[in-house]
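Residue numbers (our numbering), protein chains in the order written: chain Y, 815 to 975; chain Z, 7 to 393; chain R, 41 to 419.
Honestly, the hints are just simulated from the structure, not real lab data.
Keep in mind that the hints are not guaranteed to be accurate.
To be verified - Computed beta-carbon distance windows for the label pairs:
id	chain 1	residue 1	chain 2	residue 2	range
1	Y	Thr822	Z	Gln311	46 to 52 Å
2	Z	Gly310	R	Asp282	57 to 63 Å
3	Z	Ala393	Y	Arg945	54 to 60 Å
4	Z	Gly308	R	Lys289	58 to 64 Å
5	Z	Gly358	R	Asp282	38 to 44 Å
6	Y	Pro826	R	Lys289	30 to 36 Å
7	Z	Glu75	R	Leu171	17 to 23 Å
8	Z	Asp199	Y	Gly943	27 to 33 Å
9	Z	Gly276	Y	Asp936	48 to 54 Å
10	Y	Gly862	Z	Met7	51 to 57 Å
11	Z	Gly358	Y	Asp936	52 to 58 Å
12	Z	Gly276	Y	Pro911	51 to 57 Å
13	Y	Pro826	Z	Glu32	22 to 28 Å
What the hints assert, rightly or not - With a cut-off of at most 27 Å between alpha-carbon atoms, the simulated DSSO-like pairs for lysine-lysine come out as follows:
id	chain 1	residue 1	chain 2	residue 2
14	Z	Lys232	Z	Lys391
15	Y	Lys863	Y	Lys941
16	R	Lys115	Z	Lys278
17	R	Lys264	R	Lys43
18	Z	Lys326	Z	Lys389
19	Y	Lys863	Y	Lys842
20	Z	Lys278	Z	Lys232
21	Z	Lys232	Z	Lys160
22	Z	Lys369	Z	Lys391
23	Y	Lys863	Z	Lys160
24	Y	Lys863	R	Lys43
25	R	Lys53	Y	Lys842
26	Z	Lys160	Y	Lys941
27	Z	Lys232	Z	Lys389
Glycine included, every Cβ here is placed at the ideal spot set by N, Cα and C.
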Amino acid sequence: MSAPELLTMTSPDVGMPYEWSIGIYGSKFFQEIRAHQRFVGIRCPQCGKVRVPPRRVCGTCFRELDELVPLPPTGTIIAFTIVNYPFIDPATGLERPVPYTYGYIQLDGADNIFSHIINETDETRIKVGMRVRAVFKPAAEMQGNIQDIRHFEIIEVKHGE
Amino acid sequence: MARRVAIIGTGQTHHRSQRRDVNGREMIHEAVQRALADCELTMRDIDAVVIGNMDHFEAINSVDTWSVEGSGGVMKPIMKVTTGGTTGTSVAIAAYYHVASGMFDKVLAIGWEKNSESDTTGAIVTCSDPIWDRYSYSGAIPSLATEASAYMEKYGATQRDAARVALRERTHAQNNPYAHMHGRPLTLDEILDSPMLAYPIKLGDICPRTDGAAAVVFAAEDVAEKLAPRPAWIKATAVRHTYSWFGDVDQRTGLESLERAAREAYAAAGIKNPAEDFDVAELYLPYSYAGLKWIESLGFCGPGQGPQFIWDGHTDMGGKIPVNPSGGVMSTNCIGATALLRVAEAAIQVMGKGGARQVPDVKTALATGFGGCWWSDVVILGKEKPA
Amino acid sequence: MEKIAIVGAAQTKYESRKADQTFYDMVFDVTTAALEDAGLTLADIDNIITVSNDFLDGRTISSMAVGEAAGAHDKNISTVEGDGTFGAFYGAMRVLGGFRSTLVVAHSKGSEGNPQFISNAMFDPIYHRPLGLDTTSAAALQANAYLTRYGITEEQCAQVAVKNHGNARHNPLAHQPLEISVEEVLRSPKVADPLKLLDCSPVSDGAAALIIGNEEIARKAKTKPAWVKGVAHCAEEYFLGDRDLANPKALRDAAKRAYQMAGIRDPRREIDVAEVYDAFSYMEPLWLEGLGLCDPGQGGQLTESGLTAMNGALPVNPSGGVLSAHALLVAGLARLIEASLQIRGEAGAHQIPGVKTALAHGTHGPCGQSHCIWILGES
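In isolation and in its complexed conformation, chain Y is listed as follows:
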């Protein structure tokens, strides 16, 4: 007996649209970017940690937070990776262009890590510990989402500094 022909079915290419609420402090985060091209974190009065993005609760202390702390658009690379493999980006339904660099960035004044894209894909030119700065879209093009930050760029340090 010959092997049976086995069929599969491809799902129609339909988007599943969602409209997610960002919340009070998350909204402030994006508003601060638009108004002042800087970030805002939130401080826990119990453990003292400043976390970004700002959220309502300190999970460790299970305590409601309300003390917003302005943070500069600069930070340090804690870890990074240069992504080389293709995958379907759920945001677009298309393959995301590679390579691109995914970075773990500790913003100055924050105790936790913020992740975003770093515009350096040459592994010889990027290292853990390097200083980076956020590059924002022009205010008029901002939409109140994470892409209002275009990417982070490495701050060139002149020799001897």
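With chain Y fixed as given, assemble chains Z and R onto it according to the hints.
Same frame as chain Y, but now just chains Z and R:
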């Protein structure tokens, strides 16, 4: 007062990259039939079913109700438990509480995934917060890569050290006829020469995507002793899903959730010196660097000593504490089943049913789960009935 | 079975769109409110069960978004995907299995996704999804099967909608308190024959939490405990064509086992109030039949006769039921919370006097494929 609970049977599919010959329900059914056969029960004997997977890999909403004809859940209590990569251990722990509570005597735990049915990374990307992380996140690999690079930075571990872990997993898989990578051995050089996916992770350092299912039968004390010549008793379970935000996890320390879960489970099971007290471990190691760092979090060796511990052969078959005789996650990764396979394989070792992958005379076995936002589950099994 | 009880609970107000609140916000609010209700702190809570659904939230591992907001940072936690009554069932098993207490919290925001897409995804991708089947059209099939089998009329179903929306006027958390007539229900726009708009529950945003404790925790809590006397669940076949949609046999089985556990022999006489999952008006009489509270085919007359009214012999859904507020996953947990409030005597304006035994019911899966029944008592 919780009742004593044991695993009395396990079943799994022969894991493959794609199972076009069966739909999800039919694949689940294969594992269920094998688990029932293993403890000589029929579906009629089962009191309740717990099942888990990750919704977006197959795009099926409410898998528990969709799967009843395959899971055996028709006219039985069914429940879906799902927590990402830890789903399999969450399902096992849920089955444990089904029995420990006194509500049910014989409970079937099922984990499954047909990862071939969607773009695995595309589906995993949606686990990241849609507001904050989804734009830059690109799935599990870069996330793990950040941990690996931080560990290398701190202790000087190398890509070669990681490849030694990958070599162990792939070598062990050759003893496990169910493993996806069975029949496909690799050498250290082949692993080191494999393509770079996201520095420092190469193709040879990361788990595959697999179609497969696992099923495990949990039973109450009196039933277990009647039905199984050597039940695998549950000695302790512990869960820490510590963080909700990726950015709150400090990659420069040990795996905090695993340290906390292990501490709690070790205390409950009387484990003082894990590398000596456990006879075998089935660890959820989704990539090679975890095999260096997370055995430190589990206390097998001190911080930074992972690479030496691996090169000394302590985790190989015949070593002090063989890790992943099954070949582990890097040899089989049907995600909703993956952590349940760790529990099943640990039970197989305690029950002495491991065939070519059996570690001699296993009294105490460790299984772990990993997933979500750097979450960890720990399950300890033993030959001796717990006090 | 050891004694366990519901010792505290909280719900948000149910609304069509909570635009200012994330899942995290809602879960934090009901978690803290449930602790406050019980007079307990997070230190009294040993473990957490969250209830969420990846399709509803538009996020894989949807539980990741809420663990911290539910207080789970250094605690054992798990997640049930399904109606909140099933999450509570796991929570109860964890207390019986060794923990002192479990906090169970469910959330959903129907406003954020597309309900048709999401419910269509519950149906078989090969055979049924392409036909466009969703929970509403499937329910219409079931309604037709049930009404035809027993000659139950659309008027009788409309009476259920009138009663429950009317009851909701006494529940400040309800989404749709309405003063409507049978005529208005019958004349409301046809959604899927025989279902009219007012036969269907709204899509709501909301969250709810409850705390299940052992005797030690029940003593410590400041509330009057609502003791769990019986609980059971059961599922039937998946494909609608494999089932008798007019005969909810899984519900019968779950009810039988829950009654047995609770020592209930004559449920109609022994149950003082019931909160059932009336996602559509026809479901209330159909589920009451399945629960053995009347004979098959007799469900349609219960509203007409006044038996299930607030002042009837067996009040059903004094809160307004799911018809008046339907946050998916949360709705069954809300039934359980309402039943516990009836036992406590703290249901406010919709309190039924002298409740000693209360029944709560949740369903999961298309057309009530799986049911979970809880019997609560005051001692």
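Comparing the hints with the structure gives:
no.: 1; hint: Y:Thr822 x Z:Gln311: 46 to 52 Å; result: holds (48 Å)
no.: 2; hint: Z:Gly310 x R:Asp282: 57 to 63 Å; result: holds (58 Å)
no.: 3; hint: Z:Ala393 x Y:Arg945: 54 to 60 Å; result: holds (56 Å)
no.: 4; hint: Z:Gly308 x R:Lys289: 58 to 64 Å; result: holds (59 Å)
no.: 5; hint: Z:Gly358 x R:Asp282: 38 to 44 Å; result: holds (41 Å)
no.: 6; hint: Y:Pro826 x R:Lys289: 30 to 36 Å; result: holds (35 Å)
no.: 7; hint: Z:Glu75 x R:Leu171: 17 to 23 Å; result: holds (19 Å)
no.: 8; hint: Z:Asp199 x Y:Gly943: 27 to 33 Å; result: holds (29 Å)
no.: 9; hint: Z:Gly276 x Y:Asp936: 48 to 54 Å; result: holds (53 Å)
no.: 10; hint: Y:Gly862 x Z:Met7: 51 to 57 Å; result: violated (42 Å)
no.: 11; hint: Z:Gly358 x Y:Asp936: 52 to 58 Å; result: holds (54 Å)
no.: 12; hint: Z:Gly276 x Y:Pro911: 51 to 57 Å; result: holds (54 Å)
no.: 13; hint: Y:Pro826 x Z:Glu32: 22 to 28 Å; result: holds (24 Å)
no.: 14; hint: Z:Lys232 x Z:Lys391; result: holds (14 Å)
no.: 15; hint: Y:Lys863 x Y:Lys941; result: holds (26 Å)
no.: 16; hint: R:Lys115 x Z:Lys278; result: holds (22 Å)
no.: 17; hint: R:Lys264 x R:Lys43; result: holds (14 Å)
no.: 18; hint: Z:Lys326 x Z:Lys389; result: holds (18 Å)
no.: 19; hint: Y:Lys863 x Y:Lys842; result: holds (19 Å)
no.: 20; hint: Z:Lys278 x Z:Lys232; result: violated (32 Å)
no.: 21; hint: Z:Lys232 x Z:Lys160; result: violated (52 Å)
no.: 22; hint: Z:Lys369 x Z:Lys391; result: holds (11 Å)
no.: 23; hint: Y:Lys863 x Z:Lys160; result: holds (23 Å)
no.: 24; hint: Y:Lys863 x R:Lys43; result: violated (42 Å)
no.: 25; hint: R:Lys53 x Y:Lys842; result: holds (25 Å)
no.: 26; hint: Z:Lys160 x Y:Lys941; result: holds (14 Å)
no.: 27; hint: Z:Lys232 x Z:Lys389; result: holds (15 Å)
When the structure is compared with the earlier hints, violations turn up for hints 10, 20, 21, 24 and for no others.
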